[in-house]
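Please model the entire structure based on the sequences and the hints provided.
Below are the chains, spelled out letter by letter.
Number of protein chains: 2
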Amino acid sequence: MTTIQTTPADVFTLASWLAGDFSNWEQAIENPPFFAHIRVCIRPLPVIPSTEPPEGVWLYSEQSYDFELNHPYRTAILNIVSRGDHLEIVNYKLKEAENYFGASRQPERLQELTPEQLEKLCGCTMLVHRTENNTFKGAIEPGKQCCVVRKGKSTYLVNEFEVGEHFFSSLDRGHDPETDERVWGSVAGPFEFTKKTSFATEVRSHEVSSV
Amino acid sequence: MTTIQTTPADVFTLASWLAGDFSNWEQAIENPPFFAHIRVCIRPLPVIPSTEPPEGVWLYSEQSYDFELNHPYRTAILNIVSRGDHLEIVNYKLKEAENYFGASRQPERLQELTPEQLEKLCGCTMLVHRTENNTFKGAIEPGKQCCVVRKGKSTYLVNEFEVGEHFFSSLDRGHDPETDERVWGSVAGPFEFTKKTSFATEVRSHEVSSV
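Keeping their order, the protein sequence lines are chains A and B.
Going by UniProt numbering, the first residue of the first sequence is number 1, and it counts up by one from there.
Going by UniProt numbering, the first residue of the second sequence is number 1, and it counts up by one from there.
Honestly, the hints are just simulated from the structure, not real lab data.
The structure presented is a predicted model; accordingly, all values stated were derived computationally and were not measured.
One or more of the hints may lead you astray.
[What the hints assert, rightly or not] Within a straight-line C-alpha distance of at most 27 angstroms, the following computed DSS-like cross-link-like pairs (lysine-lysine) qualify:
hint	chain 1	residue 1	chain 2	residue 2
1	A	95	A	153
2	B	151	A	196
3	B	93	B	151
4	A	120	A	144
5	B	196	A	151
6	B	120	B	137
Below, the structure written as structure tokens:
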């Protein structure tokens, strides 16, 4: 597929498409028992962390099993920025993530967030382009540096995703740093999420950089 | 692992261990997001279908996502019989399966079952031995004849399972009949179920054959 250069305004478009409460319910029902019913809730931060200069759009993301919405198995702070011909989604973890569990659906709790609570995940930035199908496609930066430990075993993350206005799909896999063999991940294919609720109106567009 | 010959009395033991309401909740929580939360409920039939001669123990099995207990994605009638040095679990489907959805937890509804409603699934019988760890291990009979259609594609089922007094594990995979390649199934390993409720006291032992 041909990739298309992004513009600084695409930061806002991508953030608006990602801002929502997503579910893969249709996929779970069509493929029993091989896909868990997962929810991904991505909420624009109501207050932008005071980076210098303030740049891009900031989002809080929670992934959880549908039966445990208030105990997400993965949370992240995402900063979408424009970098020349492409976008980047910079990944941060929260130092005290448990304090924010459930906040993707209670966004007022995110007002307390300060930059000191964030820790950048080096090697885990997503590089994003537009496609000719009016979607964005992204993948983790090269270098095998985004380390994920599962069951005591260190792996590096390989991720691919595609985002449209009303959906996104995502495939995560962990590989052995020495042999490059796949250690964990879905063989049944990517998770396919559809947006059930949009939070696009909450995206703070005035913070979008024009680098 | 060494396999051990079974005795006719093992029909009752295997049936008693299988009769229960199982969940893989622990597995789902430990491996997000790669295992759906699944429930398997296996209920002894309150009335034995009038086969001639009446033989073995009969069970009704439902598998479902935990969030859809009354809409199981797979149901079966299982007949456990003794065959010389091993046991067999003969698989039947219900011709009007929807009429019994939810009956694994409402066993009085199973009293209406007649042999005319059952259809044997040829090629899908499980062959079962004892192991030295006080479990039973089984696998589908050889021959690649247990056909499963997923998304319009015909595959043959390969299944392995192990049953203990309080757990069972199960690995299902579909393979291409021509190339033998795996088409679907879990790469993350078998489903691991633990018994949450036992229905062992409902097993009708007097029907156990002594062939």
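We went through each hint and held it up to the structure:
no. : hint          : in the structure
1   : A/95 - A/153  : holds, 22 angstroms
2   : B/151 - A/196 : holds, 25 angstroms
3   : B/93 - B/151  : holds, 20 angstroms
4   : A/120 - A/144 : holds, 16 angstroms
5   : B/196 - A/151 : holds, 25 angstroms
6   : B/120 - B/137 : holds, 22 angstroms
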